[in-house]
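Trainee: Once you have looked at the hints, place chain R on chain Y.
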Amino acid sequence: MTKQVQQLDRVIIRFAGDSGDGMQLTGDRFTQETASFGNDLSTLPNFPAEIRAPAGTLPGVSSFQLHFADHDILTPGDAPNVLVAMNPAALKANLGDLPRGADLIVNTDEFTKRNLAKVGYATSPVEDESLSEYRVHALPLTSMTVKALEGFDISKKDAERAKNMFALGLLSWLYHRPTEGTLAFLEKKFAKKPEIMKANIAAFQAGWSYGETTEAFSVQYEIKPAEHAPGLYRNITGNVALAYGVVAAGTQSGLPVYLGSYPITPASDILHELSKHKRFGVRTFQAEDEIAAVGAALGASFGGALGVTTTSGPGLALKSETIGLAVATELPLLVIDVQRAGPSTGLPTKTEQADLLQAMHGRNGEAPVPVIAPRSPSDCFDAALEAGRIAVEYRTPVILLSDGYLANGSEPWKLPDVADLPTIEPGFAEAGQEDFQPFKRDPDTLARPWAVPGTPGLEHRIGGLEKADGSGNISYDPANHDKMVRLRQAKVDGIARDIEALEVDDPSGAARVLVLGWGGTFGAISAGVRRVRRAGHPVAQAHLRHLNPFPANTEQVLRSYDRVIVPEINLGQLALLLRGRFLVDVIGYNQVRGLPFKAEELAGVIQDVIDGE
Amino acid sequence: MNGRRALSLVPRTDAKQTLKDFKTDQEVRWCPGCGDYAILAAVQSFLPELGLRRENITFVSGIGCSSRFPYYMNTYGFHSIHGRAPAIATGLATSRPDLSVWVVTGDGDALSIGGNHLIHALRRNVNLKILLFNNRIYGLTKGQYSPTSEVGKITKSTPMGSLDAPFNPISLAIGAEGTFVARTIDSDRKHLQSVLRAAAQHEGTALVEIYQNCNIFNDGAFEPLKDAAVRDDITIRLEDGEPIVFGAERDKALRRTRTGAFEVVNVADVDPAEIVVHDASAADPSQAFALSRLDSPAFEHTPIGVFRNVDRPSYDEEMRAQMDEAVERQGQGELAALLGSGDTWRVD
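Protein sequences, first through last, are from chains Y and R. All you need for the numbering used here is the position in the first sequence, starting with 1, plus 206. All you need for the numbering used here is the position in the second sequence, starting with 1, plus 39.
Only chain Y is shown next, with the shape it has when bound in the complex:
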């Protein structure tokens, strides 16, 4: 039967099910298909911290949202146009986000009395009137899958488990997705279990064919590829991009990378990824705790490697003392904090930007540390490389603040030309110097020499005790301590001369209001700004990558606008720094719900400030 094909410019799909239903995998495969088709896209996985919460309950719901379009997009989208709900819990947990008129694909097999009762539905919402505002497609996905797999020598349980592939096949048909990638993926994933592999492929194809033949779907949708700059692309998550950035910091500096890490959500994937890249000279060491992880990294830096440690907020707290030691000994160290909602254990799988002040100030004594934050999943690559450069060239720990949203979210990435990547100069101290002074600084950068063990004639001792300027010997002299504290501060402040200026986007030149963000909120802020501009109101936007030191022109930018809005997923940490530093009365906009901002929400905030002018 020939179906009508409707053109769309963008779609937001959310796959939702039980933690064991494979929704992350389904979402990830749909994303890969969409990426290779050439749409622009942005994703938002959302899953519980429990590995397997009780089946069918609200805490066990896992979802994956994907926004794709024929044009450049910035966020995973505010509200889904399509919700795939694999069970009543998934429906209940996500229905509130669904705008009227949205498509709702429901797996009716799971809408049993028992499952309905688990989430407090007295009657099935599919059968009563409660879903009348939506276009409901009530489909027995599980039984259709089991039926399609009747001929296979697999258990009923394994057949049922393939229902996510049936759903993926159906959605792939519905949105004209290329399927080769998924078929190749399944062949590889189940290479050792050929019968399971064939069954999953069959379920996927059955889902596709069902779409083609059923009357339940009369329309098929087409979203044309987006216009991208020429080049080679791939889809990438923030955590993988960080791992690649760390590898690149190694190749671009010629230093072996040494990662000391302790597993922690949502940063563990960086450890997993880097552990695969030993042939780049990357050593990964899973330590006994967070403190040992950063300690080993610092020990490796002392030996001339690029020491790296990856963690999340609670781990950063544990590493504070060692980061202070890195400040005192002036050794390179890259500390990656993938922020999650706190305090304490908080919400381990949810995002937040509330570690900024910890990164800035969370150490004893005057212990300045450069802080860098990437703005998007793919930007994590550049940010890691930049952080590595500063750490090595200035002999300092650098804290990179990613977050849970960037870590697991993904977007298409135009691969950089490796030949164009910056090089990093370790500039090791050379053997044979008379009267070597381990704390005699480079006059430009104020960096001290990096003299590594094994270099004859430069034997010296470093440590956490205050050192005499120049010689590095232990010194309790009051004037020397004052001088050293100021020198370490001046070294970090001086990095402002070596980083790009804060760029302002103000196409009309008429804006009186500036929106200033940092880190992972870039997409949402940009989308909010676009909406306001489309409504005819000028607004300027700037986004900080360097939080310490701030770019040299930051104050000038702040003073160029009547009002400055600072949206943050915390209670105003950047705002506090800006006010303290520049005495500018910025307006904070703050949400801490464990979720990224929505474009519409920010557009409203910006509009309110403009209207109040």
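Just so you know, the hints here were simulated from the structure itself, not pulled from any lab data. Some clues are possibly wrong.
Claimed, not checked - Listed below are several chain Y residues computed to face chain R (Cβ distance under 10 Å; list not exhaustive):
hint : residue
1    : H434
2    : L438
3    : H483
4    : L531
5    : L563
6    : D675
Unchecked claim - Label pairs and their computed distance ranges (CB to CB):
hint : chain 1 : residue 1 : chain 2 : residue 2 : range
7    : R       : G214      : Y       : D626      : 34 to 42 Å
8    : Y       : Q212      : R       : D363      : 55 to 63 Å
9    : Y       : S338      : R       : S380      : 42 to 50 Å
10   : Y       : D704      : R       : A54       : 39 to 47 Å
11   : R       : D137      : Y       : A625      : 29 to 37 Å
12   : R       : V366      : Y       : R258      : 35 to 43 Å
13   : R       : K265      : Y       : D704      : 56 to 64 Å
14   : R       : A287      : Y       : H687      : 50 to 58 Å
15   : Y       : N796      : R       : D363      : 49 to 57 Å
16   : Y       : P384      : R       : A375      : 22 to 30 Å
17   : R       : D137      : Y       : P265      : 49 to 57 Å
18   : Y       : T551      : R       : D272      : 51 to 59 Å
The beta carbon of each residue, even a glycine, is placed where N, CA and C say it ideally should be.
Mentor: Just chain R, lined up with the frame of chain Y:
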């Protein structure tokens, strides 16, 4: 046999070295009479024997009196954070096979605040030589009890006596899968250096407990082991492969009881075949552990020497092997190929 590996990658020198080469120009600032002086002198006069290039030796320490040690050694040195020296040294040793890495620590540093790092270094068998100066007291913070202080010890923080059951560092190290575990005494330079010699040649982590007198806060803690009148009767000098016989007259020996513990017997009263022969390289650690239990705060019998010395690949060696294998299997990494791995598409 395993000594060949331990130092085989550390560059050697033909130049003659002396104790003086290992002294720095820094004034040594331990209290007059501290046992640390003797250990420092013993280490400085032992190192030339190894014939290693000085710049390829590194001392890493934590915090405490003993942890000032690196400042007095004319090698590379890192005075780090309380308890963390094994972790920092692990990063150094596992990334630099051309270095001989020594950790200097104390009973508080290694066994209290840094206990976790110590046991994990031991089980991993990282190439570290850990010198644990045990004076059974906190010195730098001026006299609180430590994890090796005896129960009931009156200190500034325990005016009515300490309630903590102490660690036996040798038992702990054996329990933590240590491959080289030894004990020596600050005042016996010859013995101390013999243990250092064996430790230096060991592939993997060597833990050397050094009984060290703090003459300010815990003076005389090891007096029975130093008192010429009694020391030979209570000190059991372990010699690998030799029957365990001791006493001024060499009239005492160790015999296994039915429970597997040791008992002290008169040599004259037993069949020589019943006397335990020390076997430091036994795969089963139970004999070494039983030996470690002979020690008590009252110093009835105190074994010194190498309790355990077994051959197991070091962590750093195995880490290097994986790195080499990765290159062998897939070749050197190419950044452009890595970035372009997975599903890619081209836009023209």
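Trainee: Next, verify each hint and record whether it holds.
Mentor: Hints and how they fare:
1. H434: holds, 4 Å
2. L438: holds, 5 Å
3. H483: At 6 Å from the nearest chain R Cβ, H483 (chain Y) passes the 10 Å test, so the hint holds.
4. L531: With a minimum Cβ separation of about 6 Å from chain R (threshold 10 Å), the hint on L531 (chain Y) holds.
5. L563: With a closest approach of 23 Å, the L563 (chain Y) hint is violated.
6. D675: violated, 17 Å
7. R:G214 <-> Y:D626: 34 to 42 Å: violated, 55 Å
8. Y:Q212 <-> R:D363: 55 to 63 Å: holds, 57 Å
9. Y:S338 <-> R:S380: 42 to 50 Å: Holds, since S338 (chain Y) and S380 (chain R) (Cβ atoms, about 48 Å apart) stay within the stated range.
10. Y:D704 <-> R:A54: 39 to 47 Å: holds, 43 Å
11. R:D137 <-> Y:A625: 29 to 37 Å: holds, 32 Å
12. R:V366 <-> Y:R258: 35 to 43 Å: Holds: the Cβ-Cβ distance is about 39 Å, inside 35 to 43 Å.
13. R:K265 <-> Y:D704: 56 to 64 Å: The hinted range 56 to 64 Å holds for K265 (chain R) and D704 (chain Y), with Cβ atoms some 60 Å apart.
14. R:A287 <-> Y:H687: 50 to 58 Å: Holds, at about 56 Å.
15. Y:N796 <-> R:D363: 49 to 57 Å: The hint (49 to 57 Å, Cβ to Cβ) holds, given that N796 (chain Y) and D363 (chain R) are roughly 51 Å apart.
16. Y:P384 <-> R:A375: 22 to 30 Å: holds, 25 Å
17. R:D137 <-> Y:P265: 49 to 57 Å: holds, 53 Å
18. Y:T551 <-> R:D272: 51 to 59 Å: holds, 57 Å
Taken one by one, the earlier hints fail for this structure at numbers 5, 6, 7, listed in ascending order.
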